[in-house]
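Asks: In case you want the letters, here they are:
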Amino acid sequence: QQQVKQSPQSLIVQKGGIPIINCAYENTAFDYFPWYQQFPGKGPALLIAIRPDVSEKKEGRFTISFNKSAKQFSLHIMDSQPGDSATYFCAASRVLNGQNFVFGPGTRLSVLP
Amino acid sequence: DTEVTQTPKHLVMGMTNKKSLKCEQHMGHRAMYWYKQKAKKPPELMFVYSYEKLSINESVPSRFSPECPNSSLLNLHLHALQPEDSALYLCASSQGQGVSGELFFGEGSRLTVL
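For the record, the sequence lines run as chains A and B. Position one of the first sequence corresponds to residue 1 (my numbering), numbered consecutively onward. Position one of the second sequence corresponds to residue 1 (my numbering), numbered consecutively onward.
Treat the hints with caution; some may be incorrect.
Unchecked claim - Lysine-lysine pairs mimicking DSS-like chemistry, simulated, CA-CA at most 27 Å apart:
id, chain 1, residue 1, chain 2, residue 2
1, A, Lys5, B, Lys40
2, A, Lys68, B, Lys38
3, A, Lys42, B, Lys40
4, B, Lys22, B, Lys41
5, A, Lys15, B, Lys22
6, B, Lys41, A, Lys5
7, B, Lys53, B, Lys18
8, B, Lys22, A, Lys42
9, A, Lys57, B, Lys38
10, B, Lys40, A, Lys71
11, A, Lys5, B, Lys38
12, A, Lys42, B, Lys41
13, B, Lys38, A, Lys42
14, B, Lys19, B, Lys41
15, B, Lys53, B, Lys22
Claimed, not checked - One-sided excerpt, in silico: chain B residues whose CB lies under 7 Å from chain A:
id, residue
16, Pro43
17, Met46
18, Pro61
19, Phe64
20, Pro66
21, Ala87
22, Leu90
23, Glu102
24, Glu107
Source of the hints: derived by calculation from the structure; they are not laboratory data. Where a beta carbon is used, it is the ideal one built from N, C-alpha and C, also for glycine.
With the hints as constraints, model all of the structure from the sequences given.
Replies: See below:
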């Protein structure tokens, strides 16, 4: 119930493409869904996050789509750039128990020039 | 200031050594965390301090000993580690329990146990 599934494990796109990373969760108590971006040798950094009361959130080239009934959410990167090449982790937590962030296994994205 | 600062960035130690990892934040956050991250894996929670008290210990071996001297500082004391403990150790902070918000991660301490 605590698991967050993430796919694909790795993804290669051309510059300008729109990579999509998908996550699914089981625990309906989760109410905060962030995406973290991690470059080699660095700590993860928050990219964008969503609460289940909205179905979509956009920040710059990054968009989260959220499907509460399916318990799924996804990250779309518009006009992807080589600088977006990184590992992306989805996560889920419950605000009242905000200390327990459950991470997905990660997706390694490579954007080719 | 939205940084979590970790020292040292790299640490090499033998299995009989005693060393410490340090973490500092000045964002007024009341929850601080230690995570362990192996290559190509997500961060794995080790400990959580909430309001300077240990609130979560994810069954971490006693050779890892956390300490929270005050609300801005978090230490991880290491003793008698094993080679399989080699990993990136990440410190993070957040506003605290019951408050929706992001985890702020440091850049990590890369630990190698010989």
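Asks: Hint by hint, say whether it matches the structure.
Replies: Outcome of the hint check:
no.: 1; hint: A:Lys5 x B:Lys40; verdict: 15 Å, holds
no.: 2; hint: A:Lys68 x B:Lys38; verdict: 31 Å, violated
no.: 3; hint: A:Lys42 x B:Lys40; verdict: 13 Å, holds
no.: 4; hint: B:Lys22 x B:Lys41; verdict: 23 Å, holds
no.: 5; hint: A:Lys15 x B:Lys22; verdict: 39 Å, violated
no.: 6; hint: B:Lys41 x A:Lys5; verdict: 13 Å, holds
no.: 7; hint: B:Lys53 x B:Lys18; verdict: 23 Å, holds
no.: 8; hint: B:Lys22 x A:Lys42; verdict: 16 Å, holds
no.: 9; hint: A:Lys57 x B:Lys38; verdict: 31 Å, violated
no.: 10; hint: B:Lys40 x A:Lys71; verdict: 25 Å, holds
no.: 11; hint: A:Lys5 x B:Lys38; verdict: 18 Å, holds
no.: 12; hint: A:Lys42 x B:Lys41; verdict: 14 Å, holds
no.: 13; hint: B:Lys38 x A:Lys42; verdict: 13 Å, holds
no.: 14; hint: B:Lys19 x B:Lys41; verdict: 25 Å, holds
no.: 15; hint: B:Lys53 x B:Lys22; verdict: 17 Å, holds
no.: 16; hint: Pro43; verdict: 6 Å, holds
no.: 17; hint: Met46; verdict: 12 Å, violated
no.: 18; hint: Pro61; verdict: 20 Å, violated
no.: 19; hint: Phe64; verdict: 18 Å, violated
no.: 20; hint: Pro66; verdict: 14 Å, violated
no.: 21; hint: Ala87; verdict: 13 Å, violated
no.: 22; hint: Leu90; verdict: 5 Å, holds
no.: 23; hint: Glu102; verdict: 4 Å, holds
no.: 24; hint: Glu107; verdict: 5 Å, holds
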